[in-house]
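Participant: Turn these sequences into a full structure, and let the hints steer you where they fit.
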Amino acid sequence: MSIENKKSVLVPFLIIAGMFSIFGFVTWINSVLIPFMKVVCELTETQALLVATASYISFVVMGLPASFLIKKVGYRKGMSIGLALMAVGAIIFIPASGSRTYAMFLFGIFVQGAGMTILQTASNPYVTILGSIERAAQRISIMGICNKAAGALAAVILGSALLSGIQQVQDVLPTLNDSEKAVMLAESASSVITPYTIMAIVLASLAVLILFAPLPDLNLDKEDDESDADEKGSSKRTSIFQYPYLFLGVLALFCYVGVEVMAIDTIAAYGISLGMDGSVASAFPSYTIMCMIVGYCLGIILIPKFISQATALRISMILGVLLVFGVVFTPGEISIYLVAGLGLANALVWPAVWPLTLNKLGKFTKTASALLVMAIAGGALIPLIYGATLDNRKMAGVKKQSSPILNVTNQTLSFTKSYDSDVQKEAVDTINLKLDSVSIAINDKIDAEKIVNHVNSAKGRINKAYNKEIGFDSDFSNALYKKLFKGLDQTSVTYELVKSSKDVYAYSANLSDKSMLPNAIDSIIGILNEAKKESTEDNGTELVEDALKKFQIVKTGLSEKSELASTLEKSSIKLYEASELIRDSSKKASTFSYIIMLPLYLYILFFAIKGHKIGLEKD
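Each residue of the sequence shown is one higher than the last, beginning at 1 in the numbering used here.
Just so you know, these hints were derived from the structure itself, not from any lab.
Listed next, with one range per pair, are the computed distances between beta-carbon atoms:
#1 Val202 to Lys532: 40 to 46 Å
#2 Glu580 to Val9: 56 to 62 Å
#3 Ile614 to Glu42: 44 to 50 Å
#4 Lys72 to Ala103: 30 to 36 Å
These figures come from a predicted structure and were not determined experimentally. Here a beta-carbon is modelled for each residue, glycine too, at the ideal position from N, C-alpha and C.
Facilitator: Structural data, given as structure tokens:
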């Protein structure tokens with residue numbers, strides 16, 4: 001069945017485009033949620049990637065039930081049910097953020113995924129039949145643009161709300177005791193409440209409105225039966241298992257969704273692992289998505305006028321293979337842009353695989369569509385393999401560096417153990433214990449994750465003790481942030497000046513190399529003096545003067561260092577070397593782990609060359 005009258009096609013086409021935009025927005029929020037959940041729920045890489053698993057595993061669970069549901073209630077009502085489920089999933093985020101329960105977050109994501117499964121199952125066949133089969137890839141490319149444009153918007157909006165300052169939070173956590181850590185993490189987790197409340201309201205409203213949309217319910221069973229009878233030889237096929245190319249196509253789509261999710265959902269976390277600030281890294285998923293949009297536009301122009309769907313798929317997969325090699329063997333920031341470039345390679349896979357797989361299936365089209373939707377589970381499993389590979393390679397890298405790490409921590413321990421005074425004795429004893437624990441973990445060949453935890457904990461406690469010794473302790477930090485920076489936002493001081501004050505404050509508060517701290521303090525004093533000149537309100541002037549007095553105390557503490565401050569400064573600088581060894585191992589592991597994408601691209605290339613022809617009836 002196909003509908004080719006332009007007037008009858010336009011309105012349904014626009015409505016379906018809106019549906020693609022909606023589940024694009026919801027789907028690609030995962031790229032922001034993964035690094036966000038990793039911090040606020042204190043997760044490993046593999047655990048954080050369960051965000052993608054929870055979202056995409058719902059396609060396996062709900063794939064066939066969604067097909068039966070749509071057969072029972074029709075496409076329009078099916079879309080309404082899908083939107084309503086997505087709204088329920090968004091609401092679940094509210095209590096989940098209050099309790100900071102990762103399992104509840106995952107359940108909310110799963111419920112949203114179930115709603116998207118119904119929405120996808122209803123929408124994809126619609127696009128395929130709204131015109132000729134030869135132009136199906138072109139139409140799906142247009143839908144892909146809607147999907148990815150909304151996804152790019154989601155990454156920017158949610159990224160600014162959730163990832164701004166997330167790196168600073170991660171740096172500060174090791175310096176806090178359990179109660180302070182709980183407060184900071186709870187405050188960070190609460191940032192999801194407003195965006196997800198708005199999302200729930202919008203989705204619930206659309207669930208009602210779609211019921212009145214001018215969408216005809218399509219009777220594919222009758223049309224498919226007629227089509228099947230008309231096709232030469234097709235009437236002899238009584239089972240879906242008589243179409244080998246269908247199952248090869250399902251596997252190709254499974255692989256594709258895995259690499260697509262990796263290219264979008266892991267790039268922000270990858271950028272952070274390379275040392276990028278969270279607010280900067282949150283934009284990286286948008287780069288991948290924009291590359292996909294470029295690919296979709298090329299598909300609209302080139303298919304089928306200049307190249308076939310199969311040819312476009314072959315070219316895309318060759319590009320994907322080349323880019324994966326580039327990511328793995330190109331160091332530093334350039335590799336981030338190569339990961340983003342995978343969006344261009346991925347763009348035409350979905351619009352090409354669907355029509356190639358559904359070709360000449362007749363009455364089995366609806367069931368085949370459900371199987372293809374279930375293949376989206378590749379987004380659940382393949383990122384987990386990436387996460388496990390990444391965690392294992394990180395720990396292997398740390399083990400490989402265990403000797404130089406031990407050398408650094410032992411030198412640090414010699415500094416802290418040489419200090420003999422009752423001032424902050426408990427804090428120094430705890431630091432010594434953490435440094436001793438590194439030695440024990442390395443000598444006893446304990447899991448490398450323990451080594452990382454002990455080094456980070458020792459570093460955090462050294463920073464905290466040092467800051468306290470110079471008058472820059474957590475009580476001062478919290479009071480200053482709440483009183484000054486939140487107060488300055490309400491004064492006449494310019495936005496740029498307030499932002500600079502916050503940035504320099506965060507830098508000075510969390511700096512590992514304490515030899516640089518005096519310069520940072522001088523910078524923030526200079527900025528606050530500028531703020532004092534600009535502030536015309538009494539309240540603003542008072543806040544700035546109060547902050548200046550406190551920073552002058554810190555400056556005095558830096559210039560007239562106590563014995564403990566000097567010891568801790570040397571310790572911090574030395575232990576920073578161990579942190580850099582660990583960070584370097586993490587960078588290398590993050591880069592190399594993208595190699596798992598290579599066999600996936602190669603299989604899709606096989607499907608494009610030969611797989612889509614296996615078992616296909618010749619005209």
